[in-house]
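Participant: As you go down the protein sequences, you meet chains A and B in turn. For the first sequence, position 192 (counting from the first letter as 1) is numbered 191 according to numbering that gives the first Met the number 0, and the numbering increases by one without interruption. For the second sequence, position 4 (counting from the first letter as 1) is numbered 3 according to numbering that gives the first Met the number 0, and the numbering increases by one without interruption.
Don't take every hint at face value.
As the list claims (entries may be wrong) - Mimicking PhoX-like on lysine-lysine, the simulated pairs with C-alpha atoms at most 20 Å apart in a straight line are: (1) A:Lys248 x B:Lys56; (2) A:Lys204 x A:Lys161; (3) A:Lys100 x A:Lys161; (4) B:Lys56 x A:Lys161.
To be verified - Cβ pair distances, simulated, as ranges: (5) B:Ser34 x A:Gln210: 50 to 60 Å; (6) B:Leu33 x A:Arg95: 24 to 34 Å; (7) A:Leu42 x B:Phe60: 19 to 29 Å; (8) A:Pro185 x B:Leu101: 50 to 60 Å; (9) B:Leu74 x A:Pro185: 25 to 35 Å; (10) B:Val96 x A:Phe256: 40 to 50 Å; (11) B:Val96 x A:Val160: 26 to 36 Å; (12) A:Cys74 x B:Gly97: 22 to 32 Å; (13) A:Tyr40 x B:Phe106: 32 to 42 Å; (14) A:Pro150 x B:Phe106: 49 to 59 Å; (15) A:Pro154 x B:Leu82: 22 to 32 Å; (16) B:Phe106 x A:Arg106: 50 to 60 Å.
By construction, these hints were calculated from the structure, which means they are not laboratory data. Computed from a prediction, not measured in an experiment: that's the story for all the values here. Ideal placement from N, C-alpha and C gives every residue a C-beta, glycine not left out.
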Amino acid sequence: MLASIPVRLWEHAAGWEAGLTQDTTVLEVSVWRGTALDGAYELFEVPAHENQTILDVVSWIQQYADASLTYRFACRVGMCGSCAMMVNDQPRWTCRTHVKKVLKDRRVRIGPLRNLPVIKDLAVDMDRFFDKWVAAGGAHVPSAGRGDPIPAVDPEESARVKASAGIECINCSICYAACDTVAGNPDYLGPAALQRAWTLLNDAKHDARAQILDAVSGTGGCHNCHSMGSCTVFCPNDLDPMSAIAGLKRETARGFFRRRGG
Amino acid sequence: MRPARAHPLWLAFVLHRTSGLALALFLPLHFWVLSLALTQPERLDAFLSFTEQPIVKLAEFGLVFLLAVHMFGGLRLMALEWLPWSAPQKTLAAGAVGIAVLISGTFFLQVV
Ligand code: HEM
Ligand code: SF4
Ligand code: SF4
Ligand code: FES
């Protein structure tokens, strides 16, 4: 009796699934295999479902077709920023990208994130991305210690509004993959790191604000940006790195004239 | 791999770069032709009669168009980066500039 329950549940689930997938059948999924230097797209046939994300597709391949497929994810709900990949050659968070939205003729192509070295298959080395975050002055330095009273933060104050605009960045590197300036200049700090610098520059609780303008006005700094806006178009959290970088351009210019004048 | 780039700001960037490069190629030629007025007036006259042909007129339109595109593209960039306006303010400003260009353009065409 006890043993038959799971069997019946399984049969039920299989029948239900078959009913849903009758007309959609299989997806033809090309997945990048190998490294950036040596690799190719490999075709997999994946059962289609009514509700399915690109991350579900990749996980299905890894679990049922080829256990050696390498990819990265953690939260599955758009919080951790680890699952970004190129989907039909556009950078996307795969856990929040529905297959239906990107499917073309039952086909979809999944590759490793652009502008970062590929370790294997769909996993890229994100060290460079995080190193630039630090190089832009993006590591928080508290302006008050444990024993100090907690300073009040007025959410309506204009600098705080600017700081809050970029605070929801999840470090997914989608903007970095979308940026053609990064593609052309490997030293360019990129949209996410510069947006972080702008956030901290406007944050009263950050103690190293003076260093930020120097950090973002070097050779790889904010003035490389051409305001082409791919970062803002592709950011899955609807953030606006392009405008944050414009803010840094204004502040560095202001600092430059102030220094010459005084 | 080529991520999709067909969004307005990216196309504006490409237009700005191509028009900028085309201007950089054209302007030295332009100044050289103008300098003929001082050095060899008869060659300039010969050249000017050449420019009466419709195809050359069309090319001239292209160059004026390049300059206009690059100038407004550059002004757009400078406004975007230097004036931290809100989105509705930007739409209004762009609309106002558009209408102004339209009106002054029609006026200009009537004068010539
Ligand atoms: C009419 C007034 C002009 C304005 C307002 C203007 C404005 C600008 C601006 C703001 C940029 C920076 C674009 C960016 O960051 O991507 C730029 C780039 C450029 N301009 Fe101009 N410009 C003007 C005239 C010219 C002329 C006459 C030439 C030709 C010699 C020229 C050639 C270029 C080139 C080659 C670039 C580089 C394009 C790029 O980086 O994408 N510009 N211009
Ligand atoms: S606006 Fe600047 S940072 Fe954003 S994609 Fe364009 S060049 Fe890169
Ligand atoms: S700015 Fe947006 S796209 Fe870029 S890393 Fe942060 S969340 Fe991702
Ligand atoms: S798995 Fe965490 S953002 Fe997609």
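Participant: Would the hint linking Lys100 (chain A) and Lys161 (chain A) be met if the CA-CA limit is 20 Å?
Facilitator: At roughly 32 Å apart (the allowed maximum being 20 Å), Lys161 (chain A) and Lys100 (chain A) break the hint.
Participant: I want to verify a distance hint. Is the separation of the beta carbons of Leu74 (chain B) and Pro185 (chain A) within 25 to 35 Å?
Facilitator: Check passed, 31 Å falls within 25 to 35 Å.
Participant: Take a quick look at whether Lys204 (chain A) and Lys161 (chain A) sit within 20 Å of each other, Cα to Cα.
Facilitator: holds (14 Å)
Participant: Is it true that the C-beta distance of Pro150 (chain A) to Phe106 (chain B) lies inside 49 to 59 Å, as the hint says?
Facilitator: holds (58 Å)
Participant: Does the Cβ-Cβ separation between Cys74 (chain A) and Gly97 (chain B) fall within 22 to 32 Å?
Facilitator: violated (45 Å)
Participant: Given the hint of 40 to 50 Å, check if Val96 (chain B) and Phe256 (chain A) actually sit that far apart at their C-beta atoms.
Facilitator: violated (27 Å)
Participant: Is 24 to 34 Å respected by the C-beta to C-beta distance linking Leu33 (chain B) and Arg95 (chain A)?
Facilitator: violated (59 Å)
Participant: When you take the CB atoms of Leu42 (chain A) and Phe60 (chain B), is the distance between them in 19 to 29 Å?
Facilitator: Once the Cβ atoms are compared, 50 Å apart, the range 19 to 29 Å for Phe60 (chain B) and Leu42 (chain A) is violated.
Participant: For the hint 50 to 60 Å, verify it against the beta carbon of Ser34 (chain B) and that of Gln210 (chain A).
Facilitator: Distance hint for Ser34 (chain B), Gln210 (chain A) holds at roughly 51 Å.
Participant: Does Lys56 (chain B) pair with Lys161 (chain A) here, judged by a C-alpha cut-off of 20 Å?
Facilitator: The hint is violated at about 50 Å.
Participant: Assuming the hint says 50 to 60 Å, is it satisfied by the Cβ distance from Pro185 (chain A) to Leu101 (chain B) or not?
Facilitator: violated (44 Å)
Participant: Does the Cβ distance between Val96 (chain B) and Val160 (chain A) fall inside 26 to 36 Å?
Facilitator: The hinted range 26 to 36 Å holds for Val96 (chain B) and Val160 (chain A), with Cβ atoms some 27 Å apart.
The structure fails hints 1, 3, 4, 6, 7, 8, 10, 12 and 13 (numbered hints given earlier, in ascending order).
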